[in-house]
Amino acid sequence: ASPLLEDVDLAGARGILVNVTANEEMGLDEFAEVGAVVKDFASEEATVVIGTVIDDSLTDEMRVTVVATGLGQEKLDSAEPSVRVVVENTNPDGQVDYGNLEKPAIGRKQQAMGRKAVVGSDMDFLDIPAFLRKQAD
Numbered sequence: 001a002s003p004l005l006e007d008v009d010l011a012g013a014r015g016i017l018v019n020v021t022a023n024e025e026m027g028l029d030e031f032a033e034v035g036a037v038v039k040d041f042a043s044e045e046a047t048v049v050i051g052t053v054i055d056d057s058l059t060d061e062m063r064v065t066v067v068a069t070g071l072g073q074e075k076l077d078s079a080e081p082s083v084r085v086v087v088e089n090t091n092p093d094g095q096v097d098y099g100n101l102e103k104p105a106i107g108r109k110q111q112a113m114g115r116k117a118v119v120g121s122d123m124d125f126l127d128i129p130a131f132l133r134k135q136a137d
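Under my numbering, the first residue of the sequence shown carries the number 1, and numbering increases by one thereafter.
Calculated from the structure, these hints are not laboratory results. Fair warning: this is a prediction, and the values are worked out from it, not measured in the lab. One or more of the hints may lead you astray.
What the hints assert, rightly or not - Simulated DEER-style distance windows between Cβ atoms:
| id | residue 1 | residue 2 | range |
| --- | --- | --- | --- |
| 1 | E33 | L5 | 17 to 27 Å |
| 2 | I128 | G15 | 14 to 24 Å |
| 3 | G99 | I128 | 25 to 35 Å |
| 4 | I50 | P3 | 46 to 56 Å |
| 5 | E6 | D29 | 25 to 35 Å |
Claimed, not checked - Within a straight-line C-alpha distance of at most 20 Å, the following computed EDC-like cross-link-like pairs (lysine to aspartate or glutamate) qualify:
| id | residue 1 | residue 2 |
| --- | --- | --- |
| 6 | K103 | D127 |
| 7 | K39 | D60 |
| 8 | K39 | D29 |
From the three backbone atoms N, C-alpha and C, an ideal C-beta is built for every residue, glycine too.
Produce the complete structure using the sequences and hints provided.
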């Protein structure tokens, strides 16, 4: 166990990757014991992926590596996200002002907020790619 993980609570992990390394004589009971330990701390909706590696150099031991994600997260609500529709280009009578759509969106927003719009000949330098502008400096 890593000393960095001493204070980490794995309860409720939502994604778990388990790698079991042992020799060829590993039985199903040892494998089931690893599964039971993982089941104890995993969330009920957790995605668990288990893999095995045969390593004959391990005689009387097995090595278990666990990667857990989704710690401390509450279940995300599966309901439809709320959508807010905002129509900014309307006249006082409620009709959409299509003539104003010729300006870039950033210019319309800055104008609506009372700032000077960044449109016009000042933006001609943006026609030059950034790497060429830097070379010219």
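Item checked: Hints breached by this structure -> 2, 4 and 7
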